[in-house]
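Protein chains in written order, with the numbering used here: chain A, 15 to 192; chain B, 15 to 192; chain C, 15 to 192; chain D, 15 to 192; chain E, 15 to 192; chain F, 15 to 192.
Check before you lean on any hint, since a few could be wrong.
In this list, chains with the same sequence are indistinguishable; a pair is considered to hold if it fits within one copy or across any two.
[Said to hold, decoys possible] Derived DMTMM-like pairs: lysine to aspartate or glutamate, alpha-carbon spacing no greater than 20 Å straight-line:
#, residue 1, residue 2
1, Lys-162, Glu-143
2, Lys-120, Asp-179
3, Lys-120, Asp-84
4, Lys-162, Asp-84
5, Lys-162, Asp-114
6, Lys-177, Asp-95
7, Lys-120, Asp-62
8, Lys-167, Glu-180
9, Lys-87, Asp-62
10, Lys-153, Asp-179
11, Lys-32, Asp-95
12, Lys-177, Glu-46
13, Lys-32, Glu-133
14, Lys-162, Glu-129
15, Lys-120, Glu-180
16, Lys-167, Asp-95
17, Lys-162, Glu-133
18, Lys-153, Asp-114
19, Lys-153, Glu-133
20, Lys-87, Glu-159
21, Lys-177, Glu-133
22, Lys-167, Glu-133
Hints in this document: simulated from the structure, not taken from any laboratory.
6 protein chains.
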Amino acid sequence: MSLARRGLLVGRFQPFHKGHLHVIQDILARVEEIIVAIGSAQCSHSIDDPFTAGERIEMIRRTLASEQIDASKYLLIPVTDVNDNRLWVSHVVTLIPHFDVVFSNKPLVKILFSEAGHEVQPIRFYHRELYSATDIRQKIIDGVEEWKGLVPKEVAEFIISIKGDERLRAVAATDVVN
Amino acid sequence: MSLARRGLLVGRFQPFHKGHLHVIQDILARVEEIIVAIGSAQCSHSIDDPFTAGERIEMIRRTLASEQIDASKYLLIPVTDVNDNRLWVSHVVTLIPHFDVVFSNKPLVKILFSEAGHEVQPIRFYHRELYSATDIRQKIIDGVEEWKGLVPKEVAEFIISIKGDERLRAVAATDVVN
Amino acid sequence: MSLARRGLLVGRFQPFHKGHLHVIQDILARVEEIIVAIGSAQCSHSIDDPFTAGERIEMIRRTLASEQIDASKYLLIPVTDVNDNRLWVSHVVTLIPHFDVVFSNKPLVKILFSEAGHEVQPIRFYHRELYSATDIRQKIIDGVEEWKGLVPKEVAEFIISIKGDERLRAVAATDVVN
Amino acid sequence: MSLARRGLLVGRFQPFHKGHLHVIQDILARVEEIIVAIGSAQCSHSIDDPFTAGERIEMIRRTLASEQIDASKYLLIPVTDVNDNRLWVSHVVTLIPHFDVVFSNKPLVKILFSEAGHEVQPIRFYHRELYSATDIRQKIIDGVEEWKGLVPKEVAEFIISIKGDERLRAVAATDVVN
Amino acid sequence: MSLARRGLLVGRFQPFHKGHLHVIQDILARVEEIIVAIGSAQCSHSIDDPFTAGERIEMIRRTLASEQIDASKYLLIPVTDVNDNRLWVSHVVTLIPHFDVVFSNKPLVKILFSEAGHEVQPIRFYHRELYSATDIRQKIIDGVEEWKGLVPKEVAEFIISIKGDERLRAVAATDVVN
Amino acid sequence: MSLARRGLLVGRFQPFHKGHLHVIQDILARVEEIIVAIGSAQCSHSIDDPFTAGERIEMIRRTLASEQIDASKYLLIPVTDVNDNRLWVSHVVTLIPHFDVVFSNKPLVKILFSEAGHEVQPIRFYHRELYSATDIRQKIIDGVEEWKGLVPKEVAEFIISIKGDERLRAVAATDVVN
């Protein structure tokens, strides 16, 4: 049985963690190539979206390289938000090369791509109870060192090298101007 | 006494319910024609705004046709949101034909149109305790069949025909990608 | 043989002229209902787009009423421009109710709707050499009274009532601030 | 020791209160000129942002004139929001003249300007526990007259002259259309 | 006879030249205060709009200071473009304090403000044949030194200090990437 | 001597031609990695910008794969336009990973990146008189088969497979609706 040509995975990757890595590896066992769309690409420097699209690309790229995944197997594409949910599928489809199947467990993503006629398959999570970007950001804010073990080593090093942990703590601090 | 020429009613109609229908009927007893501006027209596929502007137009149009309201008496115009509240009146006024009076009980709408020099009259609600779009959406999400009795028959049939109830339940499901 | 349910006609209607009226009449002989999308709805007060969407709706509505075309047969929907051509089809489809066939001779409109899987049929023009919105705007600018014969009587009267001819001449005047 | 040429203060000033006035006076003791950037300039007529940028400029201008601060010492510039935090610094820098130092206690503002290479100095607040725009807005909504003592006399008079207190109470009223 | 309180002048000031200065001086003889709205504020680094809004503010401010015009007599406000001409008046009015009369010879500006109910008065130009921003930009591009005599001394010095003449020549160079 | 880590090349690639390929190869001889930013990413289906960002990524990716350039050496990132030239650099920098040098001969790109403090180096073109995207688009429109020799074989095949040549001819056809 031959693999479908290309799969699409959409995520925010704030930050890219070990669960995300397992999802990509799992998808690459099911399709020949994966397009990783980095959503909310225009967002950065906020509690929910601390890292720029470029920084998230760097995280993923370094990790996949370290995992010795062939760079010809994946494409990393930043995708900004649009106002209208139904425009969003066209927006994504415009920005990225042709794909054959969308991988998502997110109900909105599933319904939007389904209504637009795309095949959607579920993501098989690896230890979901363990890997959560929200929890990781909270641990960074709280100064709980354990966050470094929840992301690939390259991601932890990169975040520290750009002082991303300090940035996140700064934007999480209570706003004092009024 | 002659009627004012045209009234304007602004709403989101997510979905169009029996209370809305009574409001339109009541306004049509007070003015010759009504412009129904379908607000937040760019929104869809969310818990608060599940239906597209086109779908909401369809709901209203089918209902008013079934009620045998002369189609020359009303205009259904989608109006997207704008960022600035004070631009909003100009935006609405640009998109729709001339009107003589705005019908609204919404404080923001009232103050914005009043500050721009428009006459604003209150809406006379019919059984407000009964008809609430928020409640209807919640009933759809919860699978409480009673919602079908709160909207005109044409609306219930239309929502089911486009699987709008399934869509709303889907977007209401907890987001599981992180 | 039954008619297709709904046709879509997209135009700017700057202004609505007799050729446009014939196109609508012709389409209404081929489909049950027509959605007239008034494009570039955000544009007004320029040489190419002198009239607001609301004013264009008024022109069309008065003309079709005068022609005794049943108001339940048509929908007039303003559609603003979007930046990306490929998003445009989704944008239009979001704003208007379901339609079965697009009527257009405009190559870009034809290819965009075709690529998105919609049926496109050609418009049968009536005296195209005679009716051109560009020519009509030029005649208004030049003060050539003949323009009034090229648009429906209701349109000529409406344009004059809102001083639309003066507006067009004003915006066409050479800009003298630098 | 000569003063730095220009300082930048960014705030929303909803409304401009006595604490803001002290901050400006304090900064003017440290730099030759101050640029006051009026943020979220596109916002108005909401609970958090009741006043337009123009109204906020008027408040500040009248107060500083009354305080006999030389008008050549300050510039009042409205700055609209942008979607991307990192674009925001470029956006501000594009709209205003050159400045040498940013005054802010707001963590996001501090980190964004710092990452872009600007010097940031803290604001020395005057009776912060007393002067809070959020509290003042709440007092206006609740009809607690004491708010007038928390803003400069010129601001209180101006707000009342434009019926800004009524506007704020109106937009704070529960939305009754659904 | 007392002067009207505030006049509004809208221009792009690319760059601010001696003709503009005379216009401001002339308006200040007719009203107590002038709001100078710096239009197309988001534009810069192009042949028609080489300077940022901030740079244009600097030009005007330095010139008016040098002319010993009291800084309390004028306000310099950057105003970005909006897509819709009819929204533009609301956009301007939102960003700036109240004004009583608009000064303009530009037909579009005149008709937009007039339609919105504002008083518009003509600008009395001083040697229009001499002072043209378009000509000045062309002279800068062509390296014709005479441009320095057409703008106030402070403007010439400022442009040179920011290498604005080099920038304009650079953006005017034929684009060689394809 | 070690190579700079990453170079940035910005282009529209409408379509990607042999000259572009040589530029990339030349840059890869000077830096370790290249980020190819695909500009005007939101544009498609027009005479100047016939192909979507996704299609352009596909063209480049297939060509570089065929040329056996290691996929770990390049990143292909779509970049949409922004309104303000000076925001544009921040916008690009936000969307892509860190880079050390920009390669460009385009005066605007050079001055914008230079003013923002980036190193800019010239592109060494290969047979510029031969390879021009504008000429290639014109040849496609005119049905001159020679265009296929000016682009890499993979690009010619891809364009034909998506009927891109037909699309370009269609959008180039005179617009007949008015």
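Outcome of the hint check:
For the homomeric pair Lys-162 and Glu-143, the shortest alpha-carbon distance inside one copy (16 Å) is at most 20 Å, but the shortest distance between copies (39 Å) is not. In the homo-oligomer, the alpha carbons of Lys-120 and Asp-179 lie at most 20 Å apart only across protomers (17 Å), although the nearest pairing inside one protomer, at 27 Å, exceeds that limit. With identical chains, the CA atoms of Lys-120 and Asp-84 are never at most 20 Å apart, being 27 Å at best within one copy and 34 Å at best between copies. Within a single copy, Lys-162 and Asp-84 get their C-alpha atoms no closer than 25 Å, and across copies no closer than 31 Å, so neither meets the 20 Å cut-off.
For a Cα distance limit of 20 Å, the shortest separation of Lys-162 from Asp-114 qualifies neither inside one copy, at 35 Å, nor across copies, at 28 Å. Within a single copy, Lys-177 and Asp-95 get their C-alpha atoms no closer than 26 Å, and across copies no closer than 26 Å, so neither meets the 20 Å cut-off. With identical chains, the CA atoms of Lys-120 and Asp-62 are at most 20 Å apart both within one copy (17 Å) and between copies (17 Å). For the identical chains of this complex, Lys-167 and Glu-180 are intra-copy neighbours only, at 18 Å inside a copy versus 42 Å across copies, given an alpha-carbon limit of 20 Å.
When the C-alpha separation of Lys-87 and Asp-62 is checked against a cutoff of 20 Å, the pair qualifies neither within a copy, at 29 Å, nor between copies, at 31 Å. Taking CA atoms no more than 20 Å apart as the test, Lys-153 paired with Asp-179 passes inside one copy only; the shortest distance there is 10 Å, against 38 Å between copies. For the identical chains of this complex, Lys-32 and Asp-95 are neighbours neither inside a copy (25 Å) nor across copies (34 Å), given an alpha-carbon limit of 20 Å. In the homo-oligomer, the alpha carbons of Lys-177 and Glu-46 never lie at most 20 Å apart, since the shortest distance is 36 Å inside one protomer and 25 Å across protomers.
When the C-alpha separation of Lys-32 and Glu-133 is checked against a cutoff of 20 Å, the pair qualifies neither within a copy, at 26 Å, nor between copies, at 36 Å. Taking identical chains as interchangeable, the C-alpha atoms of Lys-162 and Glu-129 are never at most 20 Å apart, the minima being 39 Å within one chain and 24 Å between chains. In this assembly of identical chains, the alpha carbons of Lys-120 and Glu-180 lie at most 20 Å apart only when taken from different copies (15 Å versus 30 Å within one copy). With identical chains, the CA atoms of Lys-167 and Asp-95 are never at most 20 Å apart, being 29 Å at best within one copy and 35 Å at best between copies.
Within a single copy, Lys-162 and Glu-133 get their C-alpha atoms no closer than 35 Å, and across copies no closer than 31 Å, so neither meets the 20 Å cut-off. For a Cα distance limit of 20 Å, the shortest separation of Lys-153 from Asp-114 qualifies neither inside one copy, at 37 Å, nor across copies, at 32 Å. In this assembly of identical chains, the alpha carbons of Lys-153 and Glu-133 never lie at most 20 Å apart, being 36 Å within a copy and 29 Å across copies at closest. With identical chains, the CA atoms of Lys-87 and Glu-159 are never at most 20 Å apart, being 33 Å at best within one copy and 33 Å at best between copies.
In this homomeric assembly, Lys-177 and Glu-133 come within 20 Å of each other (Cα to Cα) only across copies, at 18 Å, whereas the closest approach inside a single copy is 40 Å. When the C-alpha separation of Lys-167 and Glu-133 is checked against a cutoff of 20 Å, the pair qualifies neither within a copy, at 34 Å, nor between copies, at 31 Å.
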